[in-house]
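Starting from the known structure of chain V, arrange chain R on it as the hints suggest.
Okay, here's what each chain looks like letter by letter:
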Amino acid sequence: MILFELFYTFLMIGAFTFGGGYSMIALIQDEVVTHHGWLTGQEFADILAISQITPGPVGINTATYAGYSAVINAGLPEWMAVTGAVVASLAVLILPVALILIVGRWLLKRKDQAPFDTIFKVLRLTVIGLIAAAALSLMPTAFSPTPTGTVTLFDFSFSAFNLIIFAVVFGLSLWRKVSPILLIVVSGAAGLFLY
Amino acid sequence: MAKYCELFTTFFKVGTFTIGGGYAMIPLIQREVVERRRWLSDTEMLDVIALSQTMPGILAANIAALVGQRLRGTRGALVAVAGNILMPIVFILLIALFFRQFKDNPTVEAIFMGIRPAVVALIAAPVFTLARKAGVTIKTVWIPILAALLISLFGISPILVILAAILLGGLFGLTAGRDSLKARNHRKSK
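So the sequences go chain by chain: V and R.
Sequential numbering from 1 applies to the first sequence in this note's numbering.
Sequential numbering from 1 applies to the second sequence in this note's numbering.
What the hints contain is simulated information worked out from the structure, not anything from laboratory work.
Just so it is clear, the structure is predicted and the values come from calculations on it, not from any experiment.
From the three backbone atoms N, C-alpha and C, an ideal C-beta is built for every residue, glycine too.
Mixed in with the good hints there might be a few duds.
Straight-line Cα separation of at most 27 Å, DSSO-like style, residue types lysine-lysine; simulated pairs [as the list claims (entries may be wrong)]:
{"id": "1", "chain 1": "R", "residue 1": "LYS13", "chain 2": "V", "residue 2": "LYS177"}
{"id": "2", "chain 1": "V", "residue 1": "LYS109", "chain 2": "R", "residue 2": "LYS133"}
{"id": "3", "chain 1": "R", "residue 1": "LYS139", "chain 2": "V", "residue 2": "LYS121"}
Residues from chain R that face chain V, not an exhaustive set, calculated with beta carbons under 8 Å [claimed, not checked]:
{"id": "4", "residue": "ASN62"}
{"id": "5", "residue": "ILE123"}
{"id": "6", "residue": "LEU130"}
{"id": "7", "residue": "ILE166"}
Pulled out of the complex, with its shape left as it was, chain V reads as follows (with noise of 0.2 Å):
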């Protein structure tokens, strides 16, 4: 049943969140893309898009968009998806809020003590692998020339126009802090000239 799967799919995701929405994407694209096939590639890259222009936290934009299309794609109709979306939402939320709501005033005065301050150290290092390798997984769809192509490293077939657009986006954003929407509009707008 695919709701019970979403829910505990979701469920795990939630739970090995650290350091916030963006650490999540690696996390939710090797369950759902990688793992369970309710996505695919060009799916997942359009729900991260939608999500950076809508309200709210990127992680329940995500959960939301994800439970919606994984059981569209599965066939089912739109009630159950609307479901999914829903129970994918909260599920993505159970054990956090209960484990903040528990442990949060006892850990409030440890976490700067042994172990938590090496624990919560490592975490947050390793945060930013996670970060990369979700950057880096998205990459093949990304710089495909066509709509639903992806490109391996070796096959030279990247399209110069997305470099392009990767490129001037990514140093916007890092040097500048240009807001993450004018950039997704102003690519969108490209996009558009473009192909």
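Chain R in isolation, oriented as in the chain V frame:
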């Protein structure tokens, strides 16, 4: 009852009017919770934010849960979280219902062809800002690199990588507990 309503509407507002996730929400939450309603003091709020960042889960929901708990216990926490996530879920559902019909439209396809590399760039950029913030040094840079390689090259589940990080961190903490204390005292004395 009035307090529950207030909690709900406050976090409803935060959830509905901030685009781009948890970090974008923090200033708005601080303004509402500390300055306007005076539910928490400035330092209490900083504690809440610090704890929400270290614990697993979604940053904004964690903050909402802790603020709600301070005011009205577990029920207050649930009300605040519900307020925070209601509109984001509804928004995405509407987009999902709408977007699927236009997904194969050539215009929409062209727009998304341009957006996809931008999204990758927006995910890649925080890797470097976070690395700076986390104080990555020559001695620690292997941790993020190894994590990225294990996941993207060897296909190891990020959940396992996180579990390994918790174990590794705990082990470091227990064996080198004294060293890290010394290091901290050393830093303080500087």
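Status of the hints after comparison with the structure:
{"no.": "1", "hint": "LYS13/R to LYS177/V", "in the structure": "25 Å, holds"}
{"no.": "2", "hint": "LYS109/V to LYS133/R", "in the structure": "23 Å, holds"}
{"no.": "3", "hint": "LYS139/R to LYS121/V", "in the structure": "13 Å, holds"}
{"no.": "4", "hint": "ASN62", "in the structure": "5 Å, holds"}
{"no.": "5", "hint": "ILE123", "in the structure": "4 Å, holds"}
{"no.": "6", "hint": "LEU130", "in the structure": "5 Å, holds"}
{"no.": "7", "hint": "ILE166", "in the structure": "6 Å, holds"}
Going down the numbered hints, you'll see the structure goes against none, and every one checks out.
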